[in-house]
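**Q** Listed here are the chains, written in short residue letters.
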Amino acid sequence: MSATINLPTILRGHAGGSRTIEVTGSTVGEVFDHVSRDFPKLGEQLSSPDGGLPVFMNVFVDDEDIRYLAGLDTTVDDHTEITILPAVAGG
Amino acid sequence: MIRADHQILEAMLSHAENCHPEESCGLLAMDESGRIRMAYPLTNSLRSSTNYTIEPHEHFKALRHAEAQGWEIGGVFHSHPHSAAHPSPTDVRLAPDPEWLYVVIGMEDRPVVRGFRIIQGQIHDEPITFEKRTRQ
Amino acid sequence: MTIARAGVDAGRMRQLGVVETPLVRLDRISPPGRRIYAKAEWHQPTGSVKDRIAAAMVAAAEADGSLAGPADIVEPSSGNTGIALARIARMLGHRFSVLIPDNVSHERLELLEAFGAAVEFTPGAEGSNGAVRRAELRAAQTGEVMLHQYENAANPGAHEATTGPEIEWQLEELGEGAPSAFVATLGTGGTIMGVGRALRRSFPAIEIVAAEPPAGETISGLRSMADGYIPPVFDPTALDGRVLVRSGPSIAMMRRLVDEEGLFVGPSSGAAVHAAVRRAAALPDGSVVVTLLPDAGWKYLSTGVYSGSVDEAVEAVADSTLW
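Taken in sequence, the protein lines are chains Y, L and R.
If you're matching positions, the first sequence starts at 30 in this note's numbering and goes up one per residue.
If you're matching positions, the second sequence starts at 7 in this note's numbering and goes up one per residue.
If you're matching positions, the third sequence starts at -19 in this note's numbering and goes up one per residue.
Think of the hints as simulated: they come from the structure by calculation, not from any bench.
Built from N, CA and C at the ideal position, the CB exists for glycine as well.
Wrong hints could be hidden among the right ones.
Chain L stretches covered by chain Y per the calculated footprint, using a threshold of three residues with CB under 8 Å from any CB of chain Y [said to hold, decoys possible]: (1) 53 to 60; (2) 87 to 98; (3) 125 to 136.
Some chain R residues well away from chain L (every beta-carbon gap over 12 Å; in silico) [stated by the list, open to error]: (4) GLU42; (5) SER46; (6) PRO50; (7) HIS86; (8) LEU89; (9) GLY110; (10) GLU116; (11) THR122; (12) GLU156; (13) ARG180; (14) ALA190; (15) GLU192; (16) PRO216; (17) TYR286.
So the derived label-pair ranges between C-beta atoms look like this [stated by the list, open to error]: (18) R/GLY242 / Y/GLY72: 45 to 53 Å; (19) R/TRP278 / Y/GLY80: 29 to 37 Å; (20) R/GLU153 / Y/THR49: 43 to 51 Å; (21) L/SER89 / Y/SER65: 36 to 44 Å; (22) R/PHE101 / Y/GLY80: 51 to 59 Å; (23) L/ARG116 / Y/SER65: 46 to 54 Å; (24) R/GLY155 / Y/ASP107: 37 to 45 Å; (25) R/GLN121 / Y/GLY72: 53 to 61 Å.
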C-alpha cells in the first residue's frame, strides 16, 4: 500500500523540494517510519521524544484529522492522501 | 510590493475588531502573480490576547479552498490587541515559513496593518498596496 | 407533541408551519449491511431545514419582547434562512431585509422577492463571513432586529426540540436500536449541535460527525459585536468527527441520490450523505447511521448541477455559494 503525502512548503526542502511524495505503509505510523528511512531530516520533523507526533504537527488522512480517527494507527491504502500541516502560531 | 483588493484589508481589520480583545488570526491565499486573493478569518484556538494558534481543521479547510481556486497559502495575518503592528519575538521564533508574508495588525491605538518577511530571524518590511477596484 | 427544551416553544414553531419530516432509508447507497436513514427536510414550508430555526428564532424573539409589534428585521443568509424568515415575516407583518452573497442562484433571489424580502448583496468573494459582518454593522446603525442565526440558542434549540426527538421516535417506530452515528452538514452548526444534544441523551455512545465545506463558505472565529460576549452556536469540542467534503464529492453523491434513490436533493445533501456513507462503511455490520438532507434541488436547477457529467456540474458551480 502506497500513500501520497502532501508536504507544506516549509518541509519540501527535506524531500528534495517535492510537493508530494509516495510512501508505502498500511498505517500512518508505518508510513512515517518509512519516511524517516528515506528522508531522515523530514522524519525528524515528524517525531517527538515520546514516540508520537510533535504536538504542533497536524496530520489529515483524506480530509479527516487523524486525532478523530485512530491517530498513528489510522489505516492507509492506495490512493490515500496524507496532508501534513505544521501549526501556525505566534504571539 | 504586494498587491491586494481593498476588501482584503477590510476583512483582516474586521476580523481583528471582532476578535478583540483576543488576538485574531487567519491565512492569506495568493495567486500565481503573488497578489493576495483571499484573507481567511480563522479561529485562534488559544482564545488569548497575547498568543494565537490557527485552529488546524480550519487551516486545512482554507488550504483546500485555496487549492481549488488555483491559489497557494502564502501568508498569515494576526492582530496585537495591545501593541504595535510589528512581529513580536514569539512571532519571529514561531514563523512557520521563510517564504510567507506576515501581516500584523496593531490595535493599541487606531488599527494599523503592516506586512513583513521573517527570514532566518530577521524582520524585513514588505509594503502592501490595497487597491480599490471597480466591480467587473 | 409539544416539547419544551432549551426555552424553545415547539408549539409556536408548529403554528408557524414547521412539520415533522419523513425519515427515509437509503437502501441503494448504504454500504452493504449498514442502514443509513435521512431526514427529508424539503417537506418544510419553504423547502428547507431552515424553516425550523426561523420559526424558533422568531418565537424566541416574540417571547423575550424583541419582536413585540410589527418590526424591521435584518439577517445575513446565503439563502435558505433568509427565505424561511421572509415567509414568516410576511405572515406576521414584519419588514424583512436580507444580506446575501452576490453569487447565489437566481432561484433563491426570486423566492426572497416572492416573499417580499428586501435584498442587499454582499461581495461573493467574502462568502458568508462578509454577509454576517455587514449585517451586524447595518443593524448597529439602523436599530433593526437581527436574529443572529450563528449565535442564537434558538437555532440549535429548534433541533433539540423537534428534529432530534423526531428521529428518536421514528427509529423506534421502525424497530431500530441505537444509531451509531449522526452525520450532518455544518453551516451555523445548529443542526449538528441541537440534534447531537438530543440524541446523546438517549444514545450516550452515539458519534456526532460534521461534514464541512472548504473554508470561505462558513463562519470562523466570529464574535458577537453586541455588549457581552454571546458564544457562537458551534462548539467544536462537542464533535466526534469533522470531515471536509469538497464540491466534487458533494455533487457526485447528490447525483447518485437523484439517480439511485430517486431523491431530488440539493448539493449540501450530497455532502452529508457522502460523509455518512464514509462513516457507515467504517462501522460494523448492522450499524445504523442517521443524516439529514437540508433541501431539494429546485433552487439549484439554474446552476446546471443536474445536467451533464459530474465534472461539468462541479465546474458549473465553481464560484457559487451553495451551502
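**Q** Give a verdict on every hint.
**A** Checked hints:
no.	hint	result
1	53 to 60	holds (count 5)
2	87 to 98	holds (count 5)
3	125 to 136	violated (count 0)
4	GLU42	holds (28 Å)
5	SER46	holds (22 Å)
6	PRO50	holds (31 Å)
7	HIS86	holds (18 Å)
8	LEU89	holds (17 Å)
9	GLY110	violated (8 Å)
10	GLU116	violated (9 Å)
11	THR122	holds (18 Å)
12	GLU156	holds (31 Å)
13	ARG180	holds (21 Å)
14	ALA190	violated (10 Å)
15	GLU192	violated (6 Å)
16	PRO216	violated (7 Å)
17	TYR286	holds (21 Å)
18	R/GLY242 / Y/GLY72: 45 to 53 Å	holds (51 Å)
19	R/TRP278 / Y/GLY80: 29 to 37 Å	violated (54 Å)
20	R/GLU153 / Y/THR49: 43 to 51 Å	holds (50 Å)
21	L/SER89 / Y/SER65: 36 to 44 Å	holds (40 Å)
22	R/PHE101 / Y/GLY80: 51 to 59 Å	holds (54 Å)
23	L/ARG116 / Y/SER65: 46 to 54 Å	holds (50 Å)
24	R/GLY155 / Y/ASP107: 37 to 45 Å	holds (39 Å)
25	R/GLN121 / Y/GLY72: 53 to 61 Å	holds (56 Å)
The structure is inconsistent with the numbered hints 3, 9, 10, 14, 15, 16, 19, although it conforms to all the rest.
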